[in-house]
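Enquirer: Take a look at the letters that make up each chain.
Protein chains: 2
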Amino acid sequence: MPQTRDRNRRWTLAERPKGRPDDGTLDFETGPVPQAGKGEMLLRTRWLSLDPYMRGRMSDAKSYATPVEIGGVMTGQVVAEVASSDVEGFETGDLVLAGSGWQDWAVSDGQGVQKLPPVERPSWALGILGMPGFTAHAGLLKIGEPKAGETVVVAAASGPVGATVGQIAKIRGCRAVGVAGGPEKCRHVVETLGFDACIDHRADDFEDQLKQACPDGIDIYFENVGGRVLFGVLPLLNPFARMPVCGTAAWYNNAGLPDGPDRSPLLMRTILSMKVRMQGFIIFDTFGMDDYRDFAKDMQGWIADGKVQYREHVVDGLENAFDGFLGMLDGSNFGKTVVRVG
Amino acid sequence: MPQTRDRNRRWTLAERPKGRPDDGTLDFETGPVPQAGKGEMLLRTRWLSLDPYMRGRMSDAKSYATPVEIGGVMTGQVVAEVASSDVEGFETGDLVLAGSGWQDWAVSDGQGVQKLPPVERPSWALGILGMPGFTAHAGLLKIGEPKAGETVVVAAASGPVGATVGQIAKIRGCRAVGVAGGPEKCRHVVETLGFDACIDHRADDFEDQLKQACPDGIDIYFENVGGRVLFGVLPLLNPFARMPVCGTAAWYNNAGLPDGPDRSPLLMRTILSMKVRMQGFIIFDTFGMDDYRDFAKDMQGWIADGKVQYREHVVDGLENAFDGFLGMLDGSNFGKTVVRVG
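Protein sequence lines correspond, in order, to chains A and B. The opening position of the first sequence corresponds to residue 1 in the UniProt record's numbering, with each subsequent residue numbered one higher. The opening position of the second sequence corresponds to residue 1 in the UniProt record's numbering, with each subsequent residue numbered one higher.
Among the hints, a few may not be true.
[Said to hold, decoys possible] Keeping only pairs whose Cα atoms sit at most 25 angstroms apart, straight-line, the calculated SDA-like set for lysine to any residue is: (1) B:Lys275 - A:Pro239; (2) A:Lys170 - A:Arg187; (3) A:Lys147 - A:Glu29; (4) A:Lys142 - B:Arg44; (5) A:Lys115 - A:Glu91; (6) B:Lys275 - A:Ala296; (7) A:Lys297 - A:Pro32; (8) B:Lys142 - A:Gln77.
Quick caveat, the hints were computed from the structure, so don't treat them as lab data.
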């Protein structure tokens with residue numbers, strides 16, 4: 001069921017999931033292609049980015065962003081091609097970064113749409129050269145403030161943010177220790193990405209392995225998962241450790257709070273006794289254009305110099321987006337998840 | 001049983017308490033007065049400070065400071081008078097700030113001992129003009145970074161740190177909301193200290209009252225208790241809220257972790273979604289002499305101008321120090337707890 005010019009396929013929110021999203025969560029619908037009016041342009045989606053934050057948008061719990069409405073198209077960033085344009089500065093054929101969501105076609109007045117330079121791999125604008133790369137760069141460097149010789153730990157180390165965090169840590173002279181799911185990912189993290197070590201969080205003795213991989217303790221924990229990894233990290237934190245908090249993916253599917261004991265006193269006591277600085281951040285709220293320019297300059301240079309490796313998990317066809325999304329949440333995808341839409 | 005020149009009374013650690021300290025925790029012993037040798041001085045304790053951190057020193061759990069050894073004298077800051085001196089710069093009769101601990105007499109080589117200027121109320125050097133005052137000043141101003149118009153919440157608001165945090169918040173043009181135990185303390189916090197509101201944490205509807213007292217949400221939560229207050233604060237935090245973490249007194253007596261549910265995911269999600277910056281600090285580790293000078297200058301000025309009120313809870317006699325300590329932990333003392341020793 002390929003992308004065509006005469007219909008618009010789209011994923012809409014059918015019901016708010018309790019726990020893990022399932023077959024009833026989204027609807028896959030087909031409708032007419034929307035019409036671009038005066039001062040508008042029509043965008044054809046080529047690549048759709050799938051990211052962990054989207055789980056949060058399915059929920060109406062208090063969060064940092066407005067949830068998707070029931071019946072509304074799932075939000076998401078895309079690389080799109082301008083199919084027709086009455087917007088100044090955009091021409092038919094231009095490649096753009098846009099917030100079209102999970103659908104083939106979208107109409108835009110140009111607000112928030114960013115023109116992409118001609119590039120070899122446009123989908124990278126959704127990953128290493130886009131939001132996940134910026135998240136890793138700003139979170140590690142501006143909140144984590146790594147110093148050469150320090151130890152940096154990051155989970156989801158084969159994912160787009162974690163992989164980038166560890167590679168930047170290495171560039172800055174730190175020891176980089178990743179956490180990932182399974183031996184294949186761990187091998188990739190060490191052999192291809194150049195981390196010093198990578199621990200399988202599924203191992204029974206995960207906590208012991210992590211301790212052995214961090215003989216000098218942990219100075220920066222880039223938090224993107226929560227759960228078991230967080231509590232394995234806590235007893236290893238050094239005085240004045242920093243903890244940029246970018247996600248808590250292990251808990252995204254929890255409908256309520258997990259059973260006890262209540263570990264919040266342990267967390268708070270560690271923050272106090274180790275004098276930890278912990279800072280939650282939402283990339284486009286916390287950081288501004290200056291930070292973005294720092295990121296873009298660094299990252300383009302590192303990629304050109306071959307200092308940063310990047311891996312994508314490509315899902316073929318918009319109709320498979322939901323399966324790809326579940327695979328990302330479960331950790332069975334390997335690399336940055338993108339959907340080749342058209 | 002007053003202080004005399006021919007014996008040294010002292011409190012030593014008999015056993016590490018599990019939970020709340022009790023009669024078996026400390027021993028009250030009498031021994032000879034120690035002899036000051038060459039290059040040493042003999043210090044007679046006049047005032048002993050009792051502070052929440054001492055509960056931590058009774059325990060050998062991993063912490064920021066070495067625990068007191070079994071049989072060792074309980075640590076503590078004192079105002080002492082120099083009884084005899086072979087240390088340059090210290091004369092008989094000088095008043096000093098020293099780490100003598102819970103005892104009548106101590107010998108020192110002058111390391112870490114600070115001479116006090118002649119002052120009307122020397123015990124204030126243990127409170128508003130000492131460590132608790134510095135903790136409030138640096139924690140609020142350097143970590144909290146208050147801006148005029150913001151809302152600052154602090155617990156133990158009639159205690160030496162909390163009272164000072166709120167009064168500095170008012171000086172800086174913030175709304176100050178205190179939390180304290182019982183109507184008498186709450187009245188003092190509002191009427192004498194000038195907070196905008198004070199909530200009794202024993203009230204059944206504490207969370208609702210706190211919400212009503214913070215109509216514009218909470219920008220800074222100065223954390224010194226943990227427990228119910230922390231979880232009442234979390235849903236009220238504004239984006240980019242700051243949380244200096246100076247203590248978790250509500251949990252100090254917990255032997256293990258409390259029963260579930262596990263609220264750590266709630267804590268982490270709030271930090272993320274509200275982009276909270278949380279920083280644990282230990283006053284003399286985190287802050288340096290420049291910070292101390294900023295504090296001393298500000299505080300001396302505010303006291304001279306009558307802008308800051310200060311209240312002490314005076315325990316009479318070293319023999320009553322342990323009861324005074326329990327009263328402080330339980331929240332039944334009212335003001336900064338000091339022991340008049342001699």
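Enquirer: With reference to the structure, classify each hint as holding or not holding.
Expert: A quick look at each hint next to the structure:
Proposed proximity of B:Lys275 and A:Pro239 is supported: the alpha carbons are some 22 angstroms apart, at most 25 angstroms. The suggested pairing of A:Lys170 with A:Arg187 holds, with an alpha-carbon distance near 17 angstroms, which does not exceed 25 angstroms. About 51 angstroms separates the Cα atoms of A:Lys147 and A:Glu29, which puts this hinted pair outside 25 angstroms; it is violated. In summary, the hint linking A:Lys142 to B:Arg44 is not supported, as the alpha carbons are separated by about 50 angstroms, beyond the 25 angstroms threshold.
Using a Cα cut-off of 25 angstroms, the hinted pair A:Lys115 and A:Glu91 holds, with the two alpha carbons roughly 10 angstroms apart. Annotation: proposed proximity of B:Lys275 to A:Ala296 holds, straight-line Cα distance about 23 angstroms (limit 25 angstroms). Distance check on the hinted pair: A:Lys297 and A:Pro32 sit about 41 angstroms apart at the alpha-carbon level, beyond 25 angstroms; violated. Annotation: proposed proximity of B:Lys142 to A:Gln77 is violated, straight-line Cα distance about 38 angstroms (limit 25 angstroms).
Of the hints listed earlier, those the structure fails to meet are numbers 3, 4, 7 and 8, in rising order.
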